[in-house]
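Novice: Next come the chains, spelled out residue by residue.
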Amino acid sequence: MNQRLIVVSLLLLLVASYLYLHRDMAVAMNRPFSTFPAQLGTWRMSGESFMTETVLDKLRPTDYLSRNYVNQDGKRVTLYIGYHGGGEQSGEIHSPKHCLPGSGWHEIYSGKHRLESDGKAFNMVKSVYQKDDSKELFLYWFQVKGKTLNNEYSLKLAEIVNSLLYKRRDAAFIRISVPFEGDEKEAARLGEAFAKDVCPVIKEYLPG
Amino acid sequence: MTVAEFLRSYRLQFIGVLLSLAVLYSPIVPSMVQWWYQDDNYSHGFIVPLIAGYFLYCRREELLNAKVEPWWPGLLVLLAGLFQLLAGWLAWEYFTMRSSLITVIAGILLFVLGRRPFLILLLPVAYLLFMVPIPYIVYDAFAFPLKMFVTKVSVDFLQSIGVIVMREGNILMFPSTTLEVADACSGIRSIMSLLALSVAYGFFLKVSPLKRLIIALSALPIAIVTNALRVIITGILAQWWGAKAAEGFFHEFAGLAVFGVAIVLLVGLGALLGRERKES
Numbered sequence: 001m002n003q004r005l006i007v008v009s010l011l012l013l014l015v016a017s018y019l020y021l022h023r024d025m026a027v028a029m030n031r032p033f034s035t036f037p038a039q040l041g042t043w044r045m046s047g048e049s050f051m052t053e054t055v056l057d058k059l060r061p062t063d064y065l066s067r068n069y070v071n072q073d074g075k076r077v078t079l080y081i082g083y084h085g086g087g088e089q090s091g092e093i094h095s096p097k098h099c100l101p102g103s104g105w106h107e108i109y110s111g112k113h114r115l116e117s118d119g120k121a122f123n124m125v126k127s128v129y130q131k132d133d134s135k136e137l138f139l140y141w142f143q144v145k146g147k148t149l150n151n152e153y154s155l156k157l158a159e160i161v162n163s164l165l166y167k168r169r170d171a172a173f174i175r176i177s178v179p180f181e182g183d184e185k186e187a188a189r190l191g192e193a194f195a196k197d198v199c200p201v202i203k204e205y206l207p208g
Numbered sequence: 001m002t003v004a005e006f007l008r009s010y011r012l013q014f015i016g017v018l019l020s021l022a023v024l025y026s027p028i029v030p031s032m033v034q035w036w037y038q039d040d041n042y043s044h045g046f047i048v049p050l051i052a053g054y055f056l057y058c059r060r061e062e063l064l065n066a067k068v069e070p071w072w073p074g075l076l077v078l079l080a081g082l083f084q085l086l087a088g089w090l091a092w093e094y095f096t097m098r099s100s101l102i103t104v105i106a107g108i109l110l111f112v113l114g115r116r117p118f119l120i121l122l123l124p125v126a127y128l129l130f131m132v133p134i135p136y137i138v139y140d141a142f143a144f145p146l147k148m149f150v151t152k153v154s155v156d157f158l159q160s161i162g163v164i165v166m167r168e169g170n171i172l173m174f175p176s177t178t179l180e181v182a183d184a185c186s187g188i189r190s191i192m193s194l195l196a197l198s199v200a201y202g203f204f205l206k207v208s209p210l211k212r213l214i215i216a217l218s219a220l221p222i223a224i225v226t227n228a229l230r231v232i233i234t235g236i237l238a239q240w241w242g243a244k245a246a247e248g249f250f251h252e253f254a255g256l257a258v259f260g261v262a263i264v265l266l267v268g269l270g271a272l273l274g275r276e277r278k279e280s
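Residue numbers (this note's numbering), protein chains in the order written: chain U, 1 to 208; chain H, 1 to 280.
Accuracy of the hints is not assured; some may be wrong.
Sample of chain U residues with no beta-carbon within 10 Å of chain H, all distances over it, derived [unchecked claim]: (1) R4; (2) N68; (3) H98; (4) K112; (5) L164; (6) P179; (7) A193; (8) L206.
Over the 10 Å line for every Cβ pair with chain H, so calculated as not near, a few chain U residues [to be verified]: (9) S9; (10) S46; (11) G111; (12) K156.
No farther apart than 27 Å at their CA atoms in a straight line, the calculated lysine-lysine pairs in the BS3-like style are these [claimed, not checked]: (13) U:K131 - U:K185; (14) U:K131 - U:K75; (15) U:K58 - U:K185; (16) U:K97 - U:K112; (17) U:K97 - U:K75; (18) H:K152 - U:K97; (19) U:K185 - U:K120; (20) H:K152 - U:K135; (21) H:K152 - U:K131.
Simulated from the structure, these hints should not be mistaken for laboratory data.
For every residue, glycine included, the Cβ atom is placed at its ideal position computed from N, Cα and C.
Kindly generate the complete structure, drawing on both the sequences and the hints.
Specialist: Take a look at the structure:
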């Protein structure tokens, strides 16, 4: 008998049994995005786009929403929400920090931002990216169990903690983008106004 | 007691450890193998375990005759490896999960067999790291600047030999057509595969450790130079033939040809370094 070999086997099997027992459950949304309102305050939906099979295969969101909204002046913002419910079939959230540069957008600036809506504070990232001549302002954040997070590390940490304590790994990624030519301040104002209107609605759709 | 005697005496328990290891990594390794198959950047994953196995085979005599002297701190390495696996599992971070296999194996070897057998097995075990796909965050961080660099160098060269071409980001604009330097042409794909090969090649050559290191690291400049060459040749052909030069069969063929040239350069460097040694 070699005790060391036995100890090693037992340790390996112990960890293996934890891996087998600890599976994250898929968490359903409160309501599907297909029922997301077409009218949000003064914003009206002006178009909706769908991802191709290839993109869906890679991203594997549980549900997603990609829409354009316009205000009374005809100014356009784009809203993307990807919900990843955890579990076997669900993919990972891809942060724009890595996705945008990968598709030719380069970052002009990016910083943390806080926004008040409905008496609550929302954490988000405010950034401007440029591709060739077109510039776009992005407001984005991650939403986990009702909390808004504005960096990839706290997202990862929240996922680890939720997995450890609640066996769930659901998280959502929300991105508001405003294309603009010259006036960045105006773009930021539009984006933030839209965020204020949409934040409380998003909360109703995502699990708390 | 030598490793050979140890394996004979405790054969069943040793098989038990192997089986436990297989059970532990059964949720992790198959998805990695699938990744090698799906992702062109990691096709070399399939040959890495074979090369590691060959390294092991080369040193089998030495290993079997080495003395078994269990080293208890190995248990800490094993525990660290298991912790790495659990952390990766909870964070759903593939690289951490997958590379923990190497830490776990190292821990087991140190704990059960001791430092001497571990050192003999260090190369084959460490070599397995090449089979683990690096996180895409890291990959992109290198791929993008590399792509820009390759494009810039190629365009400078093309302009200096009189080809009419403009560059915008990683897009090459010719009077007749535009070409994009894609990820595949940035050299990063070749770097991963070439690095895996150059380390193996360096090991097989009977040269000094410094020269081995040079051969292993030469993968980087070789990959960059050959990929710039690919962009330059495609650019010259694009001027004559138009867009056909950069599409379909030719593009695939160019990729293989470039890899072939890279290997020729690698072998050439090895021969050069090996020859100098004989003379001295």
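Novice: I'd like to know which numbered hints this structure contradicts. Please list them from smallest to largest.
Specialist: Hint check: 1, 3, 5, 9, 12, 15 fail, others pass.
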